[in-house]
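*Asks:* Fit chain B to the given chain A structure using the hints.
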Amino acid sequence: MSTSTPTTPTKKRSRWDAEDDDDEPPVQASSKRRAKSKQAKSETPPVQTPASTSTPPPVRPEPIRPTHSVYVPPRTLHPALTPSRSVYCYERLNAIEEGSYGVVFRARDKQTGEIVALKKLKLDEEKHGFPITALREINALMTCKHENVVNIREVVVGDTLTQVFIVMDFIEHDLKTLLTVMPSPFLQSEIKTLMLQLLSAVAHCHERWILHRDLKTSNLLMNNRGTIKVADFGLARRYGDPIGVGGLTQLVVTLWYRAPEILLGAITYSTAVDMWSVGCIFAELILKEPLFQAKGEIELLSMIFKLLGPPTAASWPNFQTLPLAKTITLPPQQPPQLRQKFPYLTSAGLDLLSRLLTYDPENRISATEALQHPYFNESPYPKHPDLFGSFPSAAAGEKRRKPFDSPSAPVRAADHKLLTDFDDV
Amino acid sequence: MSITIYPLASLSQIEKTPSREDGIPPELEEDLRAYGCKLIHEAGILLKQKQVAVATAQILFHRFWYVTSMKQFGIGDIGMGALYLASKLEECPIRMRELINVYDLLLQRASHTTGSTSSAQQYSDFKYVPMSYFGSTFYDLKDALVVAEMQILKRLGFNVHVVLPYGTLVNYLRVLGLTSREDVCTRAWGYLNDALQTPVYALYPVPTIVSAAIMLTTRHLGISLPSSPENRWWELFDAEWEDVWSVCGYIMRLYRERDAEDQKRLWGTAETLNARGRTAADI
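Going down the list, the protein sequences come from chains A and B.
Take the first sequence: its position 378, counting from 1, is numbered 378 in UniProt numbering, and each next residue is one higher.
Take the second sequence: its position 84, counting from 1, is numbered 84 in UniProt numbering, and each next residue is one higher.
If we strip away everything but chain A, and leave its shape as in the complex, we get (with noise of 0.2 Å):
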């Protein structure tokens, strides 16, 4: 910006400074329009200036207003195109798993000292360059950053091309670990606060039109301050209108969380896949171990069935339109058994996991909706993120002592969290 703009800013000003002399406070949308000051561009980003606005101004004689629209960041929140660093930026500590297509390991930043997580790319005997399933997951965890989402930092390289690793935050435990090795179920507070997060996040995503595609508790980590974050997007994909080139694939979500329209061989399934998942999810949570453990898909429906009674016209209108459901000869009817499998979920919480856990995926509830479910405002509130108890990370190498060894009081919940709190000292 330069002295040569034709308004003179003092102008403008003045005309906002009359308004600011009205009781009512200047609304956001007003300030579209923005201030032609010198100092627009450094000023502070306008995200935060709604805050500001309220305050009384005090020592300035004009209160900071956003000066940009908050969708039309100023130049300056672009970042450069930065190239990426190199992998020996970082010293490797130890492996922490090796998944299906890339071995993950725990690593220090040289520079900061921080512990990061490095997920390496298996990029060789690639016949169509850089492979599709890994730029979808770099793309998707860049476009949905969140609270809730492990953090992306970066994409260093190795010495050859085909070495890539995408560079994470380190959280120290996966949900599927930890529901495995904790001696008593989450508090149904506990829950609640797990539930709220995944599904700020799943909201999130989807927002954004991510799928994520392969929710599982093993794909949710938690730090030990009570956050859990999704992670391995390595499934997820872009979605929209039209689908594209060949539509979706049937072979998405670890199979006991699959969605029964995927079981079926939709090939236009949507974000109602990943509702879900976190239906089984949110099951796992209660009853501390997956809901539907089935070896095959025939099993898999066939348990579904069970627990849900076999679809009908009116649970699943479009059923029979489904590519496979003629290849299938339904149970005969028989009453849903959701209830005899959580007897002690109140029934604000029976009516959240029934609607996750819909047929029709038109009517299965949506990420947004679920936040706002009754269930989640009742007794036992949700607990907050700090009270949580912490636990020795399996993946940063950390054992945990035999909690049962010393002699002690009936073992609570919260005895053994503070057994365990000693472990990490």
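Wrong hints could be hidden among the right ones.
Here's a subset of chain B near chain A, in silico, CB distances under 7 Å, partners left out [unchecked claim]:
1. I5
2. P7
3. I14
4. K16
5. P18
6. V67
7. S69
8. V129
9. G157
10. Y255
Calculated from the structure, these hints are not laboratory results.
Since the structure is predicted, the reported quantities are computational estimates derived from the model, not experimental observations.
Backbone N, C-alpha and C fix where the C-beta goes; we use that ideal spot for every residue, glycine too.
*Replies:* Frame of chain A; chain B shown alone:
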């Protein structure tokens, strides 16, 4: 709606591009950028690729030359790599073989056009000689394509997020009450597409570029919009006058008259550069 922040070239990257540091004259760089984008565009049409993928490829292509010198890679290879990558990003992947064939055809035709004297001859007697199915040309080009794609990713730090301007144009035209004028919509849309041949998408945020397209359109068609100091229409879209004006300059420069001599010199250089780029990439 979500706010997604895409990368733009920094001030120092704009002031001295790697090519200029390497002794390539700025005008030549500008022309090579435009030519590379035309190739991407033509290839996109021949491959029946979606415009979103073509536009994404062109934007990635421009970003690339803010971190790499044109002496290091050829615009043909990088254009090809950008289109291949963008097709994956936009979920409409293309086959390597088809992309390579199309680029081979385009480059053969370009060298034919450069070599011929009269413009009538340029288009009449061009005959495409297909490469042999298992010949080394194909494998050389394939290697170059894989390297180009990887280099684009690596040098852009894998941040290949691109925001296209079309949705914004529709919104802005609605706000300005211009959607009923078909000539306005078509022309502004055309300016946005032509701007893809210029580096503006790597330099300015989308609202500024869209405002420039509207500015050129309304000025050309003699439509007046509020421009008095207290309510200037582009301020509604968070655009700066100087930036809008600069984008207009970039776009209008595409249409300037060129004498034949000038054109030929540039194309000749483009060819040599392209050939040199290929060998550099092979090593």
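*Asks:* Give a verdict on every hint.
*Replies:* Here is how each hint holds up against the structure:
no.	hint	verdict
1	I5	holds (6 Å)
2	P7	holds (5 Å)
3	I14	violated (10 Å)
4	K16	violated (14 Å)
5	P18	violated (11 Å)
6	V67	holds (5 Å)
7	S69	violated (13 Å)
8	V129	violated (26 Å)
9	G157	holds (5 Å)
10	Y255	violated (26 Å)
Consistency note: the structure conflicts with the earlier hints numbered 3, 4, 5, 7, 8, 10.
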